[in-house]
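Asker: Chain by chain, the residues run as shown.
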Amino acid sequence: MTAIVPDTLQGALIVSVIDFFLSFVIISGIGVVLALFPLLNRVAQFRSRMQPAGAGTHAKRVAAERKLAPLDRGGDEPTDEDIAAIAAAVLVVLDGAPHRILHIEPSPRSGWAAAGRVAHHASHTPSLPKP
Amino acid sequence: MLEQIPIFLQALLDQTGAIHFSFGNLIMIIIGSIMIYLAIAKHYEPLLLVGIGFSCIVANVPGPPDDVPGGQAISALLYAVKDGGLFHYAYMGVEKLIIPPLIFLGVGAMTDFGPMIANPRLVILGAGAHLGIFVALILAKVLGFTLSEAGAIGLIGGADGPMAIFVAVKLAPHLLGPISVAAYSYMALMPMIQPPVMRLLTTKAERQIPMAQSRKVSKLEKIAFPVVIAIIVNLFFPPVAPLITMLMLGNLLKEVGVTDRLSKTAAGGLMNVIIIILTVAIGSTMAADKFLTFQTLEIVVLGLIAFLFGTGSGVVTAKIMNLFLKVKINPLIGSAGIASVPIAARVSHIVAYQENPNNLLIYHAMGPNLAGVFGTAISGGILLALLGAN
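Quick note, the sequences are listed as chains X and U, same order.
Heads up: the first sequence begins at 1 in my numbering, then just goes up one per residue.
Heads up: the second sequence begins at 1 in my numbering, then just goes up one per residue.
Honestly, the hints are just simulated from the structure, not real lab data.
Be aware that one or more of the hints could be misleading.
Quick partial rundown of chain U residues pointing at chain X, CB under 10 Å, derived from the structure [as the list claims (entries may be wrong)]:
#	residue
1	I29
2	I31
3	I117
4	V135
5	S148
6	M211
7	A212
8	L249
9	L383
Cβ atoms here follow ideal geometry from the backbone N, Cα and C, with glycine treated the same way.
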């Protein structure tokens, strides 16, 4: 690519004027485009409003289900004895280290039952005799 | 036997570069030392000035006389690696335009363009603050530089190191050393250069104009920004496409939120490696015989003029905008339209803070500061398109 402006002082002035003017024009154009960016947010809001009531992300669905139907175990909310037992278990697991229990609630899955099954099955796992 | 000892000692001395050590080498070593001092004691751009200063010192340690072309010794550094090696390829990385785009990748990954998106009207200041480029260009032509050289020198006023290097390599590669040193040095000295000009061109009342908090920018906007800008700028200015593409890619990696390890690498480890290589490459060009010339002095002075006029034109552009705006802008943010991110924005903030401690302009000043990056890219792209590459 070769220069298209003469290598003179006049050429320098021409380049400067054109460049400075075009810079303003292009930068202003970028500014106009940026001024339209808030429309992107409106499009996103519009799309989320247009989505059917039952649809949504998995997380939204789970949160909605939790809100509508709190864990229903036929009145199986933790009793004072349950809380005491859990607190004692935590103390043993943490080996007496200072701690504070912030919240206890029933779990949707029975982790205790699953852990119990794993322990039971593992107790019958055949093992190689030690040399 | 004993009479041969002085001959042996002379032969040993001839194998060192000590006999070629000149007064010019001493001056450049002092200049390199000053750079390191400014970096360590004054915290002026330490990431750049330490490497450049040290390389400048080493580049002025002359090599042995076997490699004396035309009676002048090259530096021991270049002597050791004249056929390859780290320093040779470090300079190649700059000359072949590999390093500047990688720097922009890191810059994009570190930059939040939210202030620019939130205040579109302030991007005008990113163009207004570039008058200094053209003042320096015209003066360089008056001083006898070719138009291509003048264009490369003028772009120092854009205060964008990688862009200055990019344009210098294409328009005036023989001036790469003084141009890159001037660009990076003045960027580091911006806290000293800008405030007097800013205070001279504004009244106390203007400096105390408060600016309201900007709107919040959504993640969707920040993700769309690099894609849209890359398309617009590359469409109109293909010569600067490598730089803008990498700048916007780095920013996209940061904003999408699912490429954290890539954006952290670009902004962290990769950027640090590239800075080390860049500073070594720039400093190694500062050998006394090439750097201590009247032409270098002219370039340094023209660079200063470019910065001064750029600062002033940015402030004046903001004042002109205030004639038409109902909600006034603080004209101090106009000087941030010089692209040195985030130094120029920080200077605007500090000067305003000194006038009114309740006026925190850093976020507002970042808008024109970031726009200045594109302003410099646009100016550079137009210069490359009009002046061509020989």
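Asker: For every hint, state whether the structure bears it out.
Answerer: Here's how the hints hold up against the structure:
no. : hint : verdict
1   : I29  : violated, 36 Å
2   : I31  : violated, 30 Å
3   : I117 : holds, 6 Å
4   : V135 : holds, 8 Å
5   : S148 : holds, 7 Å
6   : M211 : violated, 17 Å
7   : A212 : violated, 17 Å
8   : L249 : violated, 18 Å
9   : L383 : holds, 6 Å
In this structure, the earlier hints numbered 1, 2, 6, 7 and 8 are contradicted, and the remaining ones agree with it.
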